[in-house]
Structures are given as structure tokens and as C-alpha cells.
Amino acid sequence: MAMTEPAPEEASSARTTTGTDSDEASDTGSSVTGARVAATADVADRTGGRPAHEGILRRQSARESAARTYARALPIVPVRARGLTIEGADGRRYLDCLSGAGTLALGHNHPVVLEAIRKVLDSGAPLHVLDLATPVKDAFITELFRTLPPGLADHARVQFCGPAGTDAVEAALKLVRAATGRTGVLAFTGAYHGMTAGSLEASGGAFDVRVARLPYPQDYRCPFGVGGEHGAELAARWTESLLDDPKSGVRQPAGMILEPVQGEGGVIPAPDGWMRRMRQITAERSIPLIADEVQTGVGRTGAFWAVEHSGVVPDVMVLSKAIGGSLPLAVVVYRDALDVWQPGAHAGTFRGNQLAMAAGTATLAYVRENRLAERAASLGARMMGQLRLLAEDFPCMGDVRGRGLMIGVEMVDPEGEGRPGVNGAPQVAARGDWAGGEPGGSADGDHARDVPPRPTPRSAPAPAPHPAAPALAAAVRRECLRRGLIVELGGRHASVVRLLPPLTITDEQAVAVLDRLADAMAAVSRGHLRGADRRVPDQPNRRAQPEPRPGSEPRPGSPSRSESEPRCESRSRPGSEPRCESEPHPGSEPRPESETRPEREAQSEPPPEREPQSPTQQHGQHQHQHQSGPSLPSGPDRPQGGHAEWAG
43 MAMTEPAPEE ASSARTTTGT DSDEASDTGS SVTGARVAAT ADVADRTGGR
93 PAHEGILRRQ SARESAARTY ARALPIVPVR ARGLTIEGAD GRRYLDCLSG
143 AGTLALGHNH PVVLEAIRKV LDSGAPLHVL DLATPVKDAF ITELFRTLPP
193 GLADHARVQF CGPAGTDAVE AALKLVRAAT GRTGVLAFTG AYHGMTAGSL
243 EASGGAFDVR VARLPYPQDY RCPFGVGGEH GAELAARWTE SLLDDPKSGV
293 RQPAGMILEP VQGEGGVIPA PDGWMRRMRQ ITAERSIPLI ADEVQTGVGR
343 TGAFWAVEHS GVVPDVMVLS KAIGGSLPLA VVVYRDALDV WQPGAHAGTF
393 RGNQLAMAAG TATLAYVREN RLAERAASLG ARMMGQLRLL AEDFPCMGDV
443 RGRGLMIGVE MVDPEGEGRP GVNGAPQVAA RGDWAGGEPG GSADGDHARD
493 VPPRPTPRSA PAPAPHPAAP ALAAAVRREC LRRGLIVELG GRHASVVRLL
543 PPLTITDEQA VAVLDRLADA MAAVSRGHLR GADRRVPDQP NRRAQPEPRP
593 GSEPRPGSPS RSESEPRCES RSRPGSEPRC ESEPHPGSEP RPESETRPER
643 EAQSEPPPER EPQSPTQQHG QHQHQHQSGP SLPSGPDRPQ GGHAEWAG
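In my numbering, the protein residues as written are 43 to 690.
Hints are computed from structural coordinates only; laboratory data are not their basis.
Possibly wrong hints are sitting among the right ones.
Now the in silico label distances, taken between C-beta atoms and shown as ranges [said to hold, decoys possible]: (1) R110 x D164: 31 to 39 Å; (2) G291 x S420: 40 to 48 Å; (3) D164 x G291: 53 to 61 Å; (4) W383 x F187: 17 to 25 Å; (5) V382 x P192: 23 to 31 Å; (6) R327 x D435: 47 to 55 Å; (7) A387 x L284: 27 to 35 Å; (8) P288 x R410: 40 to 48 Å; (9) A513 x I183: 42 to 50 Å; (10) P177 x A389: 21 to 29 Å.
A virtual CB, placed ideally from N, CA and C, is assigned to each residue, including glycine.
Put together the whole structure using the sequences plus the hints.
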């Protein structure tokens with residue numbers, strides 16, 4: 043679906059700050075700078091009579107390249123951030139379930155990360171040292187090796203790369219080619235490994251390809267039309283036959299690269315048994331196995347590293363995003379037997395970012411010490427369980443899948459016919475060698491207790507799934523933004539709504555996220571069924587909202603309400619969490635006391651700023667309500683020093 047540049051009127055921003063009073067006083071890097079930027083923009087736009095953030099959006103739209111991506115779908119101007127919440131230049135606040143595409147394991151501006159950065163800045167240590175040895179670098183390597191899978195840490199080397207995951211993928215491919223003397227690479231359909239030449243080859247986006255593309259097992263759209271245990275086995279046999287057939291055209295490759303969970307490919311977890319089979323196939327043929335953990339690492343999937351679900355020990359691990367604690371950092375960790383390249387074989391100017399290493403050390407230690415991976419497994423399973431209940435009421439939610447706090451909802455056209463040979467409700471694996479993770483079967487090991495019960499096995503494939511619906515997915519993203527929730531899309535057709543919240547998200551915040559997503563799903567579903575007109579009549583205790591211009595993006599933070607269908611009809615079944623409660627949602631933020639109610643009315647505030655209603659008034663309506671301030675996170679999610687999640 044082609045994206046168009048949003049009009050300035052449709053832009054909106056998020057509200058979130060940097061902590062409590064003590065944090066406010068010391069965090070000059072985020073709060074003061076953000077305020078200065080907003081003030082400067084305000085002066086520039088005052089004469090034109092437009093809000094400051096609209097001027098920023100217009101200027102950057104005019105000057106940035108056509109390759110810009112996130113800014114097209116998210117016309118917001120963040121100026122402050124804390125935890126799950128971000129604040130924009132126009133004062134609106136959002137719950138951020140994009141998390142920098144998985145970079146923010148601890149959320150925005152976590153106190154331990156800020157403190158680690160301040161220590162380096164205050165010490166007078168050099169910030170740029172190329173690849174020289176420093177105490178900060180030594181501490182990072184020590185903590186990183188402490189977290190590595192058993193079997194790799196004792197015999198590993200680390201290569202610091204350019205500050206992006208795609209450069210680390212390039213380094214990994216260069217490494218295995220140097221070690222084996224071979225050139226070809228095995229990769230998988232739906233993979234995403236970056237945007238440079240070598241990583242594009244592995245992702246399927248390059249023109250001159252030296253990569254053999256293999257089927258990646260999945261249930262909902264199984265390439266063999268069966269899914270489950272049988273589909274994963276067919277995928278493994280396909281790989282074996284390709285490698286063992288001298289007439290297949292595939293020479294012995296330099297390596298195999300895979301993602302334990304495909305993220306950009308649509309949040310598709312690899313079955314644990316299939317992962318073990320890939321390890322067996324590559325080991326028997328002396329093919330190095332590269333695990334791309336750029337997005338799945340540091341507790342995201344419910345284990346510190348996603349390969350640990352299956353017990354697989356790869357030869358090479360590609361790490362980035364969360365390992366830098368929100369700052370750019372990328373490394374390759376590999377078995378020392380592969381360390382054959384010459385000095386300077388992979389170099390770069392920005393391989394010694396001391397601030398990123400300090401932030402990364404603090405993040406790795408905090409996730410490990412507070413067992414946030416285990417919490418991600420438990421909370422993610424509960425969130426997916428709630429989403430599956432919601433999917434029973436909305437046929438456009440074709441599949442809910444994921445692992446830990448890496449969750450995807452595939453949107454489909456419920457009126458379209460599925461393609462023959464592609465299965466939508468596959469045979470489900472029982473426990474054993476071929477038991478998969480979410481969603482293909484039962485997860486093995488310690489995480490099995492966190493996985494919701496799966497359907498009983500089928501003896502025959504079910505009908506094919508409905509066609510992917512990228513337009514519906516885009517509509518859900520827009521409706522989420524109206525309600526103060528940031529999500530992203532993924533999948534080959536951009537039809538998968540993705541949730542990547544920080545690992546520090548509280549239970550209450552998770553409820554608020556699901557509540558807003560459910561509200562958006564309801565609005566989109568009703569609009570899809572009606573086909574066209576989605577205007578909202580006046581309702582008691584509810585302000586009518588203006589509709590966006592045809593073809594325009596909605597104004598983020600402004601609610602879009604539908605006509606007659608109840609909003610919470612399906613959310614009171616036994617065993618499910620009620621969605622319409624009189625209690626406010628923690629994680630939402632208040633408007634400043636100085637802002638008057640008429641001003642809020644004029645600005646068409648989003649659901650978080652509505653006046654509370656009684657349970658009687660709420661009956662048949664699904665609304666978000668909030669106290670004058672957020673609740674304090676508990677346990678490992680609570681910032682150090684007793685700081686609140688938000689202090690404006």
C-alpha cells in the first residue's frame with residue numbers, strides 16, 4: 043500500500059518526560075534540550091499562526107529524502123520520553139509499543155541507563171577511541187560474555203562493528219566466507235537482515251544474489267500448506283535435499299543465517315525442533331550457523347537470547363539494537379575457531395562508542411539481574427491469550443502469534459477466499475522433538491508453563507487463511523495512533539500489526555495497551571463492515587470528533603468513535619480481563635493543571651484526557667479513563683531511587 047505524506051494538520055505528538063524531580067534537575071540532555079527545541083520552533087512558527095510541531099514536520103518532510111519511513115506513518119514530534127510513554131511537541135502523550143524497533147529494552151530514559159551515561163561524561167574519559175582498550179569497553183565485554191549461551195561464552199571472540207545491525211550482518215558474512223573459503227549463503231524466505239549489499243542478499247532484496255532461499259516454517263501461511271510438525275519437517279527435508287543433491291545448483295555454502303523469530307517478516311517464531319534440526323544439518327556439513335539476534339536479543343522473546351529456547355548454540359551471533367541501551371552499538375560474537383581473518387579485515391571509525399558501551403553494560407546487567415526475560419515470557423503469553431480471545435470477535439484478526447514481548451496480529455480480509463495449498467489452522471505439534479514455540483506448538487523447557495493451551499491436533503489441514511489485508515493493518519495503526527498507542531506493521535504484505543513494548547512494561551500498562559488496541563480493532567472492523575461511512579453521531583458524555591479529510595491521515599491522539607455497536611461486548615467472558623472498568627489506566631498521563639477544560643475541548647483531546655464516568659454511564663461504551671497521575675511501577679519495573687514513571 044503506497045504511503046502518502048501526511049498533511050500538517052494531521053500531525054500530532056506524544057507526551058512523556060524524564061522522571062521525577064531529581065531526574066528532572068539532572069537530566070539536562072533530554073528535558074532541557076527538548077524544551078529548547080520546542081521553544082525555538084514555536085518562535086519560528088508563531089507568525090504563521092501554526093503549532094510548533096507542524097512547522098517541524100513540514101520542514102523535515104521538505105528536506106529529508108524519499109526513503110524516510112517511520113515518519114510517514116507516525117507524524118509526531120517527540121521531545122520528551124520516559125519508560126513506555128513519549129511526549130510530543132504539541133503536548134500529547136502516547137504509549138510506545140514500537141520501542142525503537144526493539145532497541146529500548148528498558149524503555150525511554152531508564153534511570154540506570156542515564157546514570158551510566160552520566161558517569162562516563164563526568165569522568166572526563168574520551169568518547170571516541172576507535173577500537174582501543176578502555177575500562178568502559180572491558181566492562182561491556184565482561185557483562186556481554188556473562189549473558190551468552192552456555193557452550194559459546196567459553197570459546198568466543200567478539201568483533202565490534204559499525205553502529206548498526208546491518209554492518210554486523212556484513213561482518214558475519216565476511217567472517218564465515220573467510221573461514222570456509224566459500225561464498226554462497228543459505229537464508230530464508232521472509233528474512234530481514236539489513237539494508238546494505240550483503241545483508242540485502244540475505245534478506246531477498248538484492249539484484250545480484252549469491253544466496254539460496256529456503257522455506258521458513260510457519261503455521262498460518264505454511265509454504266507447504268500443512269503447518270505444525272509436518273510443515274516444519276518438510277521445510278527441514280527441503281533444506282537437506284537442496285544441500286545433498288549435486289544437481290540442485292546450490293554449492294556448499296559459507297554459512298546459514300536465520301532469525302529465531304522473524305520480526306520484520308511478520309513476527310514468525312521458528313519451532314524449537316526445527317531450530318535443532320538446522321543446527322544438526324549445518325554441523326554435519328561443516329556449515330557455520332549464524333543466528334541474527336539483532337531484534338530478538340536481550341530478553342525480548344522470553345529468554346535472554348532467542349536461541350536458548352531451543353538449546354541451539356550457533357557458531358556466530360549477530361547482536362545490535364538493545365545491547366546498546368538505546369544508543370547505537372553492534373557486535374558479532376563467534377566461536378574462536380572461526381577467527382581467521384586478518385587485522386583490519388572489518389574496520390570502521392565508530393566502533394568504540396563509549397557512551398553506548400556504558401549504556402549497554404547497564405542494560406544487560408539490569409535485564410539479567412531483574413529476570414526481565416522471564417517476565418517477558420509470562421506477560422507476553424498472557425497478552426497473546428487476551429488477543430486470541432479478542433480475535434474470536436473480529437474475523438479480520440486472522441492470526442495472533444509471537445514469543446515473549448514480540449507479538450504480531452495478522453490482519454486479513456474476512457470476505458476474501460484463501461489461496462489453495464496454504465493452511466490457516468494447521469496441525470498442532472505435541473511435545474517432543476518437533477514441539478515448536480509460539481505459535482506452532484508447545485514451547486519446550488522452562489517456558490512451557492507460560493504458553494497458553496493450544497487447540498487439539500487436527501488430522502487434516504483446515505481451509506486456507508483469508509488474504510492478507512495491508513489496508514486494514516494500516517487502518518488499525520492509524521486508529522491506534524488516534525488513541526495514543528504507537529504500533530508498527532510488518533510482514534511481506536505489511537499486514538501484521540506488531541507490538542514491541544519495553545520489557546519494563548507493567549501489568550497495568552499492558553492492560554492499557556490491549557484496551558486501546560481492542561478499541562482500534564473495533565473501529566476498523568465496523569468501518570470495514572459498513573464499507574464507507576464512519577461518521578459518529580453525538581452520544582451522551584462523549585464529544586463528537588471531526589472526521590479527517592478524505593485520503594488524509596488522522597490526527598493522532600484524537601479518538602474515532604463508531605455508531606451503534608457496543609465496544610466491550612466480547613470482553614466479559616469467563617476468564618478474560620474486563621476492558622470497561624471504572625478504574626483509570628496506569629501509564630496514561632494527565633494534562634497540565636494550567637490547561638483549562640475549554641482548551642482541551644478545542645484541541646479534541648484523545649481518550650486518556652476524558653472526564654471519568656460512572657459504571658452506569660460506561661455501559662455499552664468502551665472508553666479510556668485516567669487518574670490525575672500514573673501509578674508507580676513495582677518490582678524490577680520500578681526505576682531506581684523511587685522515581686515515578688512520569689513527572690511533568
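Problem - Violating hint indices (sorted, rising) - result: none
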